[in-house]
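Trainee: Based on the sequences and whatever the hints tell you, model everything.
Chains P and F are the protein sequences, given in the same order.
One point on numbering: in our numbering, the residue at position 26 of the first sequence is 26, and numbering is uninterrupted.
One point on numbering: in our numbering, the residue at position 49 of the second sequence is 1049, and numbering is uninterrupted.
The set of hints was computed from the structure by calculation and includes no laboratory data.
Please read all numbers here as calculations on a predicted model, not as lab measurements.
Here a beta-carbon is modelled for each residue, glycine too, at the ideal position from N, C-alpha and C.
Any given hint could be a false lead.
Lysine-lysine pairs mimicking DSSO-like chemistry, simulated, CA-CA at most 30 Å apart [said to hold, decoys possible]:
hint: 1; chain 1: P; residue 1: Lys70; chain 2: F; residue 2: Lys1099
hint: 2; chain 1: F; residue 1: Lys1070; chain 2: P; residue 2: Lys57
hint: 3; chain 1: P; residue 1: Lys71; chain 2: F; residue 2: Lys1099
hint: 4; chain 1: F; residue 1: Lys1099; chain 2: P; residue 2: Lys83
hint: 5; chain 1: F; residue 1: Lys1094; chain 2: P; residue 2: Lys70
hint: 6; chain 1: P; residue 1: Lys57; chain 2: F; residue 2: Lys1026
hint: 7; chain 1: F; residue 1: Lys1070; chain 2: F; residue 2: Lys1099
hint: 8; chain 1: P; residue 1: Lys71; chain 2: F; residue 2: Lys1094
Chain P regions said to be covered by chain F (calculated; three or more residues, Cβ under 8 Å) [claimed, not checked]:
hint: 9; region: 33–41
hint: 10; region: 100–111
Residues of chain F placed beyond 10 Å of chain P at every Cβ, according to the derived structure [stated by the list, open to error]:
hint: 11; residue: Asp1007
hint: 12; residue: Glu1015
hint: 13; residue: Gly1059
hint: 14; residue: Ser1068
hint: 15; residue: Ala1078
hint: 16; residue: Ala1081
hint: 17; residue: Asp1083
Here's the letter readout for the chains.
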Amino acid sequence: DGGITQSPKYLFRKEGQNVTLSCEQNLNHDAMYWYRQDPGQGLRLIYYSQIVNDFQKGDIAEGYSVSREKKESFPLTVTSAQKNPTAFYLCASSPGGASGELFFGEGSRLTVL
Amino acid sequence: SQQGEEDPQALSIQEGENATMNCSYKTSINNLQWYRQNSGRGLVHLILIRSNEREKHSGRLRVTLDTSKKSSSLLITASRAADTASYFCATDYKAAGNKLTFGGGTRVLVKP
Chain P
1 DGGITQSPKY LFRKEGQNVT LSCEQNLNHD AMYWYRQDPG QGLRLIYYSQ IVNDFQKGDI
61 AEGYSVSREK KESFPLTVTS AQKNPTAFYL CASSPGGASG ELFFGEGSRL TVL
Chain F
1001 SQQGEEDPQA LSIQEGENAT MNCSYKTSIN NLQWYRQNSG RGLVHLILIR SNEREKHSGR
1061 LRVTLDTSKK SSSLLITASR AADTASYFCA TDYKAAGNKL TFGGGTRVLV KP
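Mentor: Take a look at the structure:
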């Protein structure tokens, strides 16, 4: 089945550690996105990529990094510089252009101990 | 920043009743979308309405868009317990360059 796979679903991290969240899609979409969601809140954009080997900062990029070496993969690294990393992270993809509809993965919940 | 604002923040209704939630935004848009999120899950796209459209239907969903008031509404008719979820509006701002801005969501509880 076509879709977006995020892993791991749950992740625990000690303060000062970097962690990488995986996002893979087999929808052949050009655009991919990372959002952060805090309890009871909406989504805030961290990074997005509209084409391979190119990405842009979103509204809350500080303390995060990404890469887009392959069309189907868009991993997110939460670095030790992110002051409050405990959150629910959602990856999405889109065919791009005028469509605009996002297809989401099931999310990764990161907890810093 | 979250440019879309949903109202109400939470809504509790009985099964069979209609649920209405509203979204306001601030600047010109290409389109506005509604998404649904079950607790602890990813978001699912419900409906997209373009800036030149005023109303769209999809099953039990009806979305309206009033660009003069910069607002949209989502109506769920004949609600079911399975409609219990959070609903988010997302705006594709013309100045934003092909990315969506999400509001804070409306949490809907449908009691059986």
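Trainee: Name the hints, by number, that the structure is in violation of.
Mentor: none
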